[in-house]
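S.K.: The chain contents come next:
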Amino acid sequence: MAVAVHDGEKIFRTCDVTGFKVDLRAEKIARLNAVVAVVSFLIAVIAALLLVLTRWQMFHLLPVDWYYRVLTLHGLDGLVFWIIFFELAALVFGSTAFLNTRMSSPALGWLGTILAIVGWLMVNYTILTGNADVLMTSYAPLKAHPLFYLGMILFAVGALVIVMVFFANLMIWRRENPGQSLPLFVYGLMAAAIIAVVTIASGAIIYIPTLLWSMGIISDIDAAVYKLVWWGLGHPSQQINVSAHVAVWYLLAFLTVGGTSINEKVSRFAFVLYILAINVASAHHLLVDPAVSPVWKVWNTSYVMYLAVFASMIHAFAVPSAIEVAQRRRGYTKGLFEWLKAAPWGNPAFSGLMLSMIIFGFIGGITGVVNGMEQTNIIVHNTLSIPGHFKGAVVGGTVLAFMSVTYYLIPLLFRKKIAFYGLAKFVPWLFGIGIAITAVSLYILGAFGIPRRHWDITFSGGPFTFTFNPVMDFFWALFGIGGIMAVTGALLWILQVVVSVFFGQPFRGPQDLQIPIAEPPPPAEEEHEGFVAPGTFVLVLLFITAFIIFVALNYGWLSAMWEVK
Amino acid sequence: MAVLPPRENWPFQKIAKDEKIWMGIAFCVSIFLFFWMIIWHVYAKQNPSFVTYRTTPEEFYQLTKAFIEKYKVGEENGIPVVKPPPGSDVFLVGMQFRWEPVLILKKGEEYRLHISSLDVLHGISIQPVNMNFMVFPKYDYVLTIRPTSAGEFALICNEFCGIGHHMMIGKIIVEE
Chain E
419 MAVAVHDGEK
429 IFRTCDVTGF
439 KVDLRAEKIA
449 RLNAVVAVVS
459 FLIAVIAALL
469 LVLTRWQMFH
479 LLPVDWYYRV
489 LTLHGLDGLV
499 FWIIFFELAA
509 LVFGSTAFLN
519 TRMSSPALGW
529 LGTILAIVGW
539 LMVNYTILTG
549 NADVLMTSYA
559 PLKAHPLFYL
569 GMILFAVGAL
579 VIVMVFFANL
589 MIWRRENPGQ
599 SLPLFVYGLM
609 AAAIIAVVTI
619 ASGAIIYIPT
629 LLWSMGIISD
639 IDAAVYKLVW
649 WGLGHPSQQI
659 NVSAHVAVWY
669 LLAFLTVGGT
679 SINEKVSRFA
689 FVLYILAINV
699 ASAHHLLVDP
709 AVSPVWKVWN
719 TSYVMYLAVF
729 ASMIHAFAVP
739 SAIEVAQRRR
749 GYTKGLFEWL
759 KAAPWGNPAF
769 SGLMLSMIIF
779 GFIGGITGVV
789 NGMEQTNIIV
799 HNTLSIPGHF
809 KGAVVGGTVL
819 AFMSVTYYLI
829 PLLFRKKIAF
839 YGLAKFVPWL
849 FGIGIAITAV
859 SLYILGAFGI
869 PRRHWDITFS
879 GGPFTFTFNP
889 VMDFFWALFG
899 IGGIMAVTGA
909 LLWILQVVVS
919 VFFGQPFRGP
929 QDLQIPIAEP
939 PPPAEEEHEG
949 FVAPGTFVLV
959 LLFITAFIIF
969 VALNYGWLSA
979 MWEVK
Chain U
1339 MAVLPPRENW
1349 PFQKIAKDEK
1359 IWMGIAFCVS
1369 IFLFFWMIIW
1379 HVYAKQNPSF
1389 VTYRTTPEEF
1399 YQLTKAFIEK
1409 YKVGEENGIP
1419 VVKPPPGSDV
1429 FLVGMQFRWE
1439 PVLILKKGEE
1449 YRLHISSLDV
1459 LHGISIQPVN
1469 MNFMVFPKYD
1479 YVLTIRPTSA
1489 GEFALICNEF
1499 CGIGHHMMIG
1509 KIIVEE
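Protein chains in written order, with the numbering used here: chain E, 419 to 983; chain U, 1339 to 1514.
If you're looking for bench data, these hints aren't it; they were derived computationally from the structure.
Among the hints, a few may not be true.
Unchecked claim - Here are some chain U residues pointing at chain E (derived, C-beta under 8 Å): (1) I1363; (2) S1368; (3) G1416; (4) P1475.
Heads up, the beta-carbon is just placed ideally off N, CA and C, and yes, glycines get one too.
The shape of chain E in the complex, shown without the other chains (with noise of 0.2 Å):
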């Protein structure tokens, strides 16, 4: 490992397989923020197991006050700590070793990380300890414990400063190339972090107040202010997971098949509509309230009139197009689909990706969809369609991409050989229809009224009672196997990466690399002027049908309902 000094320390080591110059102080920095990642992970994972099994009324198994406990945990962990702490790696890494340039402040990324582990303690404490039992959206007037507020506010200041280190790199890169355009994984790794600025902008200014309220300083913090302001922490926290795993996606298929985008102008114009119009997601959770206007609804619940809908879908032609076309020139050009039959479906990577683009289009972003428009709200909102959808969007969409990028960072970020590398062919697939299981099922679930956050939904010790289609103890089981599923294949994942990071023999180099990186598709024959990706055509086609056919549907149940105005 050839190693360059400077200033007397030695600050890069080369890569042996990618030839990247990589900051050696990056790198530790990047692999601190993505091991505490995995422990949030393996957290929300335990209370993913213990909440299917209190859901599934069959089995019922916690108490009501450990359920709404461990809810919150989940939610925190899962949505919150695991994802961004990946990010914040991923920001580290990405705008170092990807880019040939050296970290621009490792105390500033040292003090970013400790801010945000330490905030990440306080509120896991807290809430095992049982003095924030407010879920993770903590809906003022509920209140918890000081401490859970501080925490929440010690992680954003702490993802804050790694998002301006971020930044910093970026312009020490820049000024040792002038001229020279970001790589698309790194340009939307930077639009990623333009949104976590905004976000986690309206996360400080949530929390300060609410802070000082549950301290005794100030006596009252209005609900309606607290949850359009929290949304606006909530909700475009998503989008920079969607702007970043998409990101890993256009990663992805380059690593795997040596797919480029094919046409770098198209895809970075979406990732800017991404900045553009994705910070007024905070509207989508404010359907159903009062006090907002249904022009200031219409607006913004539709991202500036589907603007960031349409950078999606316009991603969803860009990336398997990228694969098709370098599927292509390797020769596999028959037909509609053989550059897909072809495709390295054993490469546990590639599995993971494609899993994951489906499952975010289809089940995350058409039911995203529905959700969102004002009217179609009346039928889903707080109902287990809710989980139902991010499931699909979050953990089908994000965390897959992220769980099957890991495999990659195993051997170059943690120079380590995978344990177990024959499971790894498995663990997509076991998770990804694990989880799509269990998100159309809630989905399912949630249209037929059963409401999310319910501890017991026969409403034991009420003045009345209600019960639901029995029909839906299908559907309850159906999500207790794919949730079951979804967990074996992410304790799976988990305990890959713990041995090989803690316990794996190590990375001596190309020869240790079990996971293929593909060798650059040969040039394009000649520029044609036809279709260059009929396959990703039709399968968008196919999309865009199911797209219309389920929101036409919502709105033809939701015409059935009680007249409302």
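The hints should help you fit chain U onto chain E, whose structure is shown.
M.R.: Quick look at chain U alone, frame taken from chain E:
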């Protein structure tokens, strides 16, 4: 190449025909969905209300109590049952962990349903018609509703409101 700088002249590369067509379709669908919500406001009968008044828990509880006294017809499991005349203002209050009162409405008639909370956020979920709205403290949210089916309907709280959240269930009876 996702990990390397793009090829030279990338900003001037022509967009492939299929990608161009797809972007056209995707853009039209996006714009259509946007205008669909507006069209639904004009022509359809299910739209979330935006009529809201400021109130306080004390004031709203007074209004509800007066409403109950005026139209009370009985009591069920300790909760008053109220039968307001069609077209009237109807009050429903959510609190940890119950809804008050039980309402008897008439099918096909319109009511101005005022909902608010005395403490934290609640969610009102009318089952099995599956319509869901938020209930805030200090905001009087007015839903102008017209029940179009008769029978007994449950009011389930579907916003987490504390340890007894699962016990919070109320009732609306719609008569023919």
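S.K.: Does each hint hold? Answer for all of them.
M.R.: Results for each hint:
Taken as an interface hint, I1363 of chain U checks out: its beta carbon lies about 6 Å from the nearest beta carbon of chain E, inside 8 Å. Hint status for S1368 of chain U relative to chain E: holds, with the closest Cβ pair at about 3 Å, below 8 Å. The beta carbon of G1416 of chain U comes within 7 Å of a beta carbon in chain E, closer than 8 Å, and the hint placing it at the interface holds. Checking P1475 of chain U against chain E: minimum C-beta separation of about 6 Å stays under 8 Å; hint holds.
Going down the numbered hints, you'll see the structure goes against none, and every one checks out.
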